[in-house]
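Colleague: Protein sequence lines, in the order shown, are assigned to chains G and P.
Residue numbering for the first sequence is 1 to 475, as defined by our numbering.
Residue numbering for the second sequence is 1 to 81, as defined by our numbering.
To be clear, the hints were calculated from the coordinates, so they are not data collected in a lab.
One or more hints might be untrue.
Unchecked claim - Now the stretches of chain G that chain P is said to cover, found in silico as 3 or more residues with beta-carbon under 8 angstroms: (1) 74-88; (2) 190-204; (3) 398-407.
Ideal Cβ placement from N, Cα and C applies to all residues, glycine included.
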Amino acid sequence: MKTDVLIIGGGPGGSAAAMLLAKEGIKPIILEQEEFPRFHIGESMTGEAGALLRRLGLEKQMLESEYPVKHGVRVFGTSSWFIPVARRDENWNLQSASTWQVRRSDFDAMMLREAQARGATVIRGTAAKAVLTDDGVLRGVVMRRPDGSTEEIEAQVVLDCSGMATFLANQKVTGPKYVGSYDKQIAFFAHVKGVIRDSETSGEMAKDNTLIFYKKKFHWGWSIPVDHEVVSLGLVVPTAEFVAHKQTPNAFFLSYLPEINPELARRVQDIEFVESVHVIPNYSYQVRGFCGKGFICIGDAHRFVDPIFSFGLSAALREAEFAIPHVVAYLSGEGRDEANPFDAHQCFCEKATDNLEDMIDLFWEQPFAFSVFVHHRYRAELTDAFAGRVYETEHQPSNAILQFRKMLKRERDYEHPDDYSIPIGSRYHPERAALWAPDSVVETTEEWMDQGTGQKPEEEANKFAASTQALGSVG
Amino acid sequence: MEIPQKLKDYINESRAPLPPVTDPDEPLQIDSLGLIRLVAFMESDCGIRVEDEELIAENFATLRNLGDLIAQKAQGAETSS
Numbered sequence: 001m002k003t004d005v006l007i008i009g010g011g012p013g014g015s016a017a018a019m020l021l022a023k024e025g026i027k028p029i030i031l032e033q034e035e036f037p038r039f040h041i042g043e044s045m046t047g048e049a050g051a052l053l054r055r056l057g058l059e060k061q062m063l064e065s066e067y068p069v070k071h072g073v074r075v076f077g078t079s080s081w082f083i084p085v086a087r088r089d090e091n092w093n094l095q096s097a098s099t100w101q102v103r104r105s106d107f108d109a110m111m112l113r114e115a116q117a118r119g120a121t122v123i124r125g126t127a128a129k130a131v132l133t134d135d136g137v138l139r140g141v142v143m144r145r146p147d148g149s150t151e152e153i154e155a156q157v158v159l160d161c162s163g164m165a166t167f168l169a170n171q172k173v174t175g176p177k178y179v180g181s182y183d184k185q186i187a188f189f190a191h192v193k194g195v196i197r198d199s200e201t202s203g204e205m206a207k208d209n210t211l212i213f214y215k216k217k218f219h220w221g222w223s224i225p226v227d228h229e230v231v232s233l234g235l236v237v238p239t240a241e242f243v244a245h246k247q248t249p250n251a252f253f254l255s256y257l258p259e260i261n262p263e264l265a266r267r268v269q270d271i272e273f274v275e276s277v278h279v280i281p282n283y284s285y286q287v288r289g290f291c292g293k294g295f296i297c298i299g300d301a302h303r304f305v306d307p308i309f310s311f312g313l314s315a316a317l318r319e320a321e322f323a324i325p326h327v328v329a330y331l332s333g334e335g336r337d338e339a340n341p342f343d344a345h346q347c348f349c350e351k352a353t354d355n356l357e358d359m360i361d362l363f364w365e366q367p368f369a370f371s372v373f374v375h376h377r378y379r380a381e382l383t384d385a386f387a388g389r390v391y392e393t394e395h396q397p398s399n400a401i402l403q404f405r406k407m408l409k410r411e412r413d414y415e416h417p418d419d420y421s422i423p424i425g426s427r428y429h430p431e432r433a434a435l436w437a438p439d440s441v442v443e444t445t446e447e448w449m450d451q452g453t454g455q456k457p458e459e460e461a462n463k464f465a466a467s468t469q470a471l472g473s474v475g
Numbered sequence: 001m002e003i004p005q006k007l008k009d010y011i012n013e014s015r016a017p018l019p020p021v022t023d024p025d026e027p028l029q030i031d032s033l034g035l036i037r038l039v040a041f042m043e044s045d046c047g048i049r050v051e052d053e054e055l056i057a058e059n060f061a062t063l064r065n066l067g068d069l070i071a072q073k074a075q076g077a078e079t080s081s
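Bound-form chain G, shown alone (with noise of 0.2 angstroms):
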């Protein structure tokens, strides 16, 4: 089988890349190996993504489906604020705005049969192995069905939207898969009922907005409406802190959530499971050389840095947005000789994510700077990013951002090629070491690197997530 654009993952990534493609008139064959509808986490959108659902013509199906409207995210810690979803008018003022919270297992199959309704191939399977010729250049994935057989699928570019599958990487298509700076933690969700909202329907107490809990460094939970009565609710602490109380997730979730915080236990006095809790440990990573010849992995396929500001879902869309011009240029036979023809599309991703990266770390590491910053000194800026405004322009990275660079004493350099792509998002980076407690089996990244005696983080997590999956979920 022979096709331009490969898409391996039928997310929202995989289903927006699919749909602008078709706007380019380019049908691509999206492989998924689900059947939809399926749970998947990462419910919230900012501002920026819900303008591209928009911009996609499909305001009509988010209203339709009633999917919960969020006006902002409350953050309830040693500090409480909120930020509202805003946008950006011509003169660059601020304007409120509004997005969408979606049950992602409605939500995705609407974005897949829509890519499909636009001239998508759809087709159930996996994607088993890439296949790279001798030079380099990704030419295809064999594909795996459901009854077994396989198939070679030809493409010129390959847009891995597999997700924390990180297929690509896998394969060692990519360069290195590093551990991220919050690998440490481990996250806990379900979707509930008879959790407490607030009220109204707009602004700070709107009943559908994002609540974000904390108490410590570390430790804290969400609380995102997925319908009028359903809301997903989660946990994320220390790995070792779940570890230390030997229960299973399910007991776990229950009796920690309330000590996150008085305002999430005031909210979750009387909850009911509509579903058994997930449990995702060591999440965080970030994939090194992401695009090359002949692909690109757009969203979790790259990096995840850490879900407590909900930009997963949003990074995604974006980049799938981002990288379209990109592939349509190399089709049409651009870039063919350059190392990577896809160098600059990389660069403006991993900045971007870095500008989240260095937010997130501030957050936690100089929370009263930080709330001061969100009260009132940098809140614009923060507005900005909260929206997922955070990709290079003439405002970004923001003055905010810089500051927050020079409060971390972090530089990030992207002149030199090689800079952009220094794992600084891996604990084991020696700037990154004080993040954490030194207990970690790694000291530094050249250990990590394979030079020293050290332990494989790669191994490290398996054994983690194997240890994790032996608990077991329970209903």
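Once you have looked at the hints, place chain P on chain G.
Modeller: This is chain P only, laid out in the frame that chain G set:
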């Protein structure tokens, strides 16, 4: 440098119903929202600009720490001028 009287007054008001601070090493016990307001007050009413890097809770923990911060800033201003 001395802490301006109006800043002391402001701090004592922020602490209410706690009694006014007498011991320079006594924890001020102002909650985080109060601290955010304190920073705003210092800037708007006392003309003391608090730099981003100085926004560390410890600097606002006691009158002594706050006095040290203000003194340090005054000294820095003299040196640089």
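Colleague: Now look at each hint and say whether the structure bears it out.
Modeller: Quick rundown of the hints versus the structure:
{"no.": "1", "hint": "74-88", "in the structure": "holds (count 3)"}
{"no.": "2", "hint": "190-204", "in the structure": "violated (count 0)"}
{"no.": "3", "hint": "398-407", "in the structure": "holds (count 3)"}
Taken one by one, the earlier hints fail for this structure only at number 2.
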